[in-house]
Amino acid sequence: MLSEIAFYGALETGLIYGLVAFGIYLSFRVLDFPDLTVDGSFPLGAAVAAVLIIEGWNPWLATGCAVLAGMAAGAVTAILNVKLNILNLLASILTMIALYSVNLRIMGVPNVALLTEETVLTPWYDLGLEFHQVPVILFTLVTLVSLVLLWRFMKSETGLAMRATGANPRMARAQGIATGGMIILGVAVSNGLVGLAGALFAQSQGAADVTMGVGVIVIGLASLIGGEAVITPSTVVRALLACVVGAIIYRLAIAFALNADVLGLQAQDLNLITAVLVTLAIVLPGVRSKLASRFTRKAA
Amino acid sequence: MISASDLRLTFGKGTPLENPALRGMSLTVNQGEFVTVIGSNGAGKSTFLNALAGEVLVDSGQIIVDNLDVTRLPTHKRAARVARVFQDPLAGTCENLSIEENLALAIKRGQRRGLTTAVKRQYLGQFRESLSTLKLGLENRLGDKMGLLSGGQRQAVSLLMASLTPSSILLLDEHTAALDPKTANFVLDLTEQIIEEQKLTALMVTHSMKQALEVGSRTVMLHQGQVVFDIEGKDRDGLEVKDLLGLFEKQRGLQVDDDSLLLG
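Chains A and B supply the protein sequences, listed in that same order. According to numbering that gives the first Met the number 0, the residues represented by the first sequence are 0 to 299, in order. According to numbering that gives the first Met the number 0, the residues represented by the second sequence are 0 to 263, in order.
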């Protein structure tokens, strides 16, 4: 079984990947824009926050700058697509590759440690809470605030225009919606959320690393698809809740897999497990309905 | 009033597939007119409509809508003046948004969109009232997803959406062609009703000569990217499909060989 520390650790990273899943929901689901920029904007957020914190900035201000940096990265991807007519997937790969250099430039070294610095978590440790519960409590608050803000945005006039842009661009244009502008705004906000996740991840793990973005897109997708399998995303709130729930389930599943000695899995098997989980999450709903139809036919 | 003058547009210029779709198309539609547009396949009907809407930009010529030169403006900047219903019943609405959300999108056509709630409470009465004119019971299903509706129902809602806010011109692109005959009649009746009640200026492309003569106040026939004839008033009253064909042959010295045009 999981130790208490491992359980809280899974919740902590799960909540952070919930923010990534929000971003991926926005790009993949709302805008129908397959965006791989996140593999670059996640470490970008971490790098910006880490460097500014070491410079002595207020950690929340540094985190805010990480969000802005993520948004700028997303905007670059969207502009490559909208203004220069580069295929969306390719545009995002270009930005992602470019960000690897940018992140190294920002940090100056491949790894920046934050262990002795004051982070957004520091004041919370003085409240006398259990050490491993602090990040979970703070990140739950951040996630809830982001969820409510995103939900309200999706219900606003601009948010509705963004949903129409992804669902039916021709209709959106006919209604006077500048679809290009909506794509730029949406992909920017999406990567802003991912930048936020990166900044929080660096602060809770005590370091920013230039390689920490590898596979973030797959983890985010796993969370999104897994969550949608548990909570049918028939409304915006349900879709957003599915992101968080999916991310937490994913991290718990990983923690179980690594802790179960019977399976003999080790930390280096993480990416393989992720790939298997994503495949299962994509395939299982189809299998389930196929089985269901077979049973109902027998019953009839 | 809208006026298109000497519109020219060639697709695939400089390639073996070069296709001149508009070859000096000119047409002026006055306030309150309901013009039906006919023509065989490839006559330039859809291209003309797309050019008016802004989906394609013309190579040369000028389009003026209510004293504003819109020739170079993209679709979304014309949307305040130009309303549109597509041929494909699925194209005019978003299936994964609810009926009220689709209507809320349309009520802001061509206007600035802010961060206030899209589906405002004060809209709901108006939505219910306009939906009830369809007599489809949709006024009680505001929260239902658009995708749950049939093609005919969706086309009826598209029409409603196009007339929810004022426009200089309503473009109807063979909007009954993809429906079964009974539903097509229902949508056509609804079209006439809405245009008459709101005194809209409309341009309706149709594939059926019969339909073109039965509705509207003026009929225009396109051929090879140009207007070949334009009839209204007394000249048009009592005209039948065979008269129209005669007119066409006299004008062009051509035989109409498009069966669908004859039989439709």
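Hints are not guaranteed to be accurate.
Below 25 Å or equal to it, Euclidean Cα-Cα: the simulated PhoX-like pairs (lysine-lysine) are [what the hints assert, rightly or not]:
hint	chain 1	residue 1	chain 2	residue 2
1	B	Lys144	B	Lys134
2	B	Lys198	B	Lys209
3	B	Lys233	B	Lys249
4	A	Lys82	B	Lys76
5	B	Lys209	B	Lys181
6	B	Lys76	A	Lys154
7	B	Lys249	B	Lys198
8	B	Lys134	B	Lys198
9	B	Lys134	A	Lys154
10	B	Lys76	B	Lys198
11	A	Lys82	B	Lys12
12	B	Lys181	A	Lys154
13	B	Lys144	B	Lys119
14	B	Lys134	B	Lys119
15	B	Lys134	B	Lys181
No wet-lab data here; the hints were simulated from the structure.
Status of the hints after comparison with the structure:
This hinted pair checks out: lysine 144(B) and lysine 134(B) have alpha carbons roughly 18 Å apart, not beyond 25 Å. Of the pairs offered as hints, the one joining lysine 198(B) and lysine 209(B) holds, with about 23 Å between alpha carbons and a cut-off of 25 Å not exceeded. For the hint linking lysine 233(B) to lysine 249(B), the alpha-carbon distance of about 19 Å falls within 25 Å, and the restraint holds. As the CA atoms of lysine 82(A) and lysine 76(B) are separated by approximately 17 Å, the hinted pair is consistent with the 25 Å bound.
Restraint check for lysine 209(B) and lysine 181(B): the C-alpha separation of about 16 Å stays at or below 25 Å, so the hint holds. Taking the CA atoms of lysine 76(B) and lysine 154(A), the gap is near 23 Å; set against the 25 Å cutoff, the hint holds. Simply put, lysine 249(B) and lysine 198(B) have alpha-carbon atoms about 34 Å apart, too far for the 25 Å limit, and the pair is violated. With a C-alpha separation of about 21 Å, the suggested pairing of lysine 134(B) with lysine 198(B) holds against the 25 Å cut-off.
For the hint linking lysine 134(B) to lysine 154(A), the alpha-carbon distance of about 28 Å lies beyond 25 Å, and the restraint is violated. For the proposed pair lysine 76(B) and lysine 198(B), the alpha carbon gap of about 23 Å is at most 25 Å, so the pair holds. Restraint check for lysine 82(A) and lysine 12(B): the C-alpha separation of about 23 Å stays at or below 25 Å, so the hint holds. Of the pairs offered as hints, the one joining lysine 181(B) and lysine 154(A) is violated, with about 37 Å between alpha carbons and a cut-off of 25 Å exceeded.
Under the criterion of a C-alpha separation no larger than 25 Å, the hint pairing lysine 144(B) with lysine 119(B) is consistent with the structure, at around 18 Å. Taking the CA atoms of lysine 134(B) and lysine 119(B), the gap is near 24 Å; set against the 25 Å cutoff, the hint holds. For the proposed pair lysine 134(B) and lysine 181(B), the alpha carbon gap of about 15 Å is at most 25 Å, so the pair holds.
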